[in-house]
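Let chain A serve as the given structure and place chain B on it in line with the hints.
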Amino acid sequence: QKEVEQNSGPLSVPEGAIASLNCTYSDRVSQSFFWYRQYSGKSPELIMSIYSNGDKEDGRFTAQLNKASQYVSLLIRDSQPSDSATYLCAVGYTGGFKTIFGAGTRLFVKA
Amino acid sequence: NAGVTQTPKFQVLKTGQSMTLQCAQDMNHNSMYWYRQDPGMGLRLIYYSASEGTTDKGEVPNGYNVSRLNKREFSLRLESAAPSQTSVYFCASSEATGGTQETQYFGPGTRLLVL
Numbered sequence: 004q005k006e007v008e009q010n011s012g013p014l015s016v017p018e019g020a021i022a023s024l025n026c027t028y029s030d031r032v033s034q035s036f037f038w039y040r041q042y043s044g045k046s047p048e049l050i051m052s053i054y055s056n057g058d059k060e061d062g063r064f065t066a067q068l069n070k071a072s073q074y075v076s077l078l079i080r081d082s083q084p085s086d087s088a089t090y091l092c093a094v095g096y097t098g099g100f101k102t103i104f105g106a107g108t109r110l111f112v113k114a
Numbered sequence: 005n006a007g008v009t010q011t012p013k014f015q016v017l018k019t020g021q022s023m024t025l026q027c028a029q030d031m032n033h034n035s036m037y038w039y040r041q042d043p044g045m046g047l048r049l050i051y052y053s054a055s056e057g058t059t060d061k062g063e064v065p066n067g068y069n070v071s072r073l074n075k076r077e078f079s080l081r082l083e084s085a086a087p088s089q090t091s092v093y094f095c096a097s098s099e100a101t102g103g104t105q106e107t108q109y110f111g112p113g114t115r116l117l118v119l
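Going line by line, the protein sequences match chains A and B. Under my numbering, the letters of the first sequence match residues 4 to 114, in that order. Under my numbering, the letters of the second sequence match residues 5 to 119, in that order.
If we strip away everything but chain A, and leave its shape as in the complex, we get (with noise of 0.2 Å):
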């Protein structure tokens, strides 16, 4: 069974602050690594997506991947409270088309 694993939250940042979001997986084979933002009420939008190792910055937002621990991060800079939001860890893997989803980071961020 592929797993995804996020802490529920919610985690709450002061406005301006760094938000760290954390996410594991439990399945090596695992070989795209996405990021997507949820506001309440809606559908989930992409924010970031890594396929190696290191990491992939764009704009306020780091991903950060590191296979061998199984483990990929999101970084938000500079916390607005537009990032208030649901973040979703997601993992596609080799050879199919079944993408797992974690079940979601609730962030909140103060102004």
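Keep in mind that the hints were calculated from the coordinates and are not lab data. For every residue, glycine included, the Cβ atom is placed at its ideal position computed from N, Cα and C. Worth double-checking, as some hints may not be accurate.
Listed next, the in silico BS3-like pairs over lysine-lysine satisfying Cα-Cα at most 30 Å (straight line) [said to hold, decoys possible]:
1) B:LYS13 to B:LYS75
2) B:LYS75 to A:LYS45
3) A:LYS101 to B:LYS13
4) A:LYS45 to A:LYS101
5) B:LYS75 to A:LYS101
6) B:LYS13 to A:LYS70
Cβ pair distances, simulated, as ranges [to be verified]:
7) B:GLN21 to A:SER23: 41 to 51 Å
8) B:GLN26 to A:ALA20: 40 to 50 Å
9) B:SER84 to A:ASN56: 41 to 51 Å
10) A:ARG109 to B:MET31: 27 to 37 Å
11) B:GLY67 to A:PRO17: 38 to 48 Å
12) A:VAL32 to B:GLN21: 40 to 50 Å
13) B:PRO87 to A:LYS101: 20 to 30 Å
14) B:GLU99 to A:LYS70: 21 to 31 Å
15) B:GLU99 to A:ALA20: 27 to 37 Å
For chain B alone, coordinates are given in the frame of chain A:
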């Protein structure tokens, strides 16, 4: 481009009734997916279609059927609704062709209540 569209947005059913959720995408994607989202459980895959003419079961297929009508459209049918099927249903599509999973684009969701 509309992206991924879903109908209806909301639906209330009585136990035992049937209904079909419709999904269409205009991004020329090969792969399409149906998920359900329940509180605290994230997104769970019901069925997916890797290409026109093919469908496969996901994690939670029981009680559902699907049809990939053409490359654009992928429908989800509940033949005899049960209260356990109360959920938010999302359709998604991606460019995935089997080698590597790609970004999925989600529709706005259908909120279903089964009484």
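Each hint tested on the structure:
1. Between LYS13 of chain B and LYS75 of chain B, the direct Cα distance comes to roughly 22 Å. Compliance with the 30 Å bound is thereby established for this hinted pair.
2. This hinted pair checks out: LYS75 of chain B and LYS45 of chain A have alpha carbons roughly 25 Å apart, not beyond 30 Å.
3. Simply put, LYS101 of chain A and LYS13 of chain B have alpha-carbon atoms about 25 Å apart, close enough for the 30 Å limit, and the pair holds.
4. The suggested pairing of LYS45 of chain A with LYS101 of chain A holds, with an alpha-carbon distance near 22 Å, which does not exceed 30 Å.
5. A threshold of 30 Å between alpha carbons decides the hint, and for LYS75 of chain B with LYS101 of chain A the separation of about 18 Å falls inside it, so the pair holds.
6. Taking the CA atoms of LYS13 of chain B and LYS70 of chain A, the gap is about 39 Å. The hint is violated against a cut of 30 Å.
7. GLN21 of chain B and SER23 of chain A have their C-beta atoms about 46 Å apart, which keeps the hinted 41 to 51 Å range intact.
8. At about 43 Å, the beta-carbon gap between GLN26 of chain B and ALA20 of chain A stays in the expected band of 40 to 50 Å.
9. Checked against the given bound of 41 to 51 Å, the beta carbons of SER84 of chain B and ASN56 of chain A, roughly 48 Å apart, stay inside it.
10. For ARG109 of chain A and MET31 of chain B, the hinted distance range of 27 to 37 Å is satisfied, since their beta carbons lie about 29 Å from each other.
11. Range check, GLY67 of chain B to PRO17 of chain A: about 45 Å between beta-carbon atoms, so the 38 to 48 Å window is met.
12. Between VAL32 of chain A and GLN21 of chain B the C-beta distance comes to about 41 Å, which sits within the given range of 40 to 50 Å.
13. Evaluation of the 20 to 30 Å hint for PRO87 of chain B and LYS101 of chain A yields a pass: the beta carbon distance comes to about 27 Å.
14. Between GLU99 of chain B and LYS70 of chain A the CB atoms are about 23 Å apart, so this pair conforms to the stated range of 21 to 31 Å.
15. Against the hinted window of 27 to 37 Å, the Cβ-Cβ separation of GLU99 of chain B and ALA20 of chain A comes to about 36 Å, which satisfies the hint.
Checked against the numbered hints above, the structure violates only hint 6.
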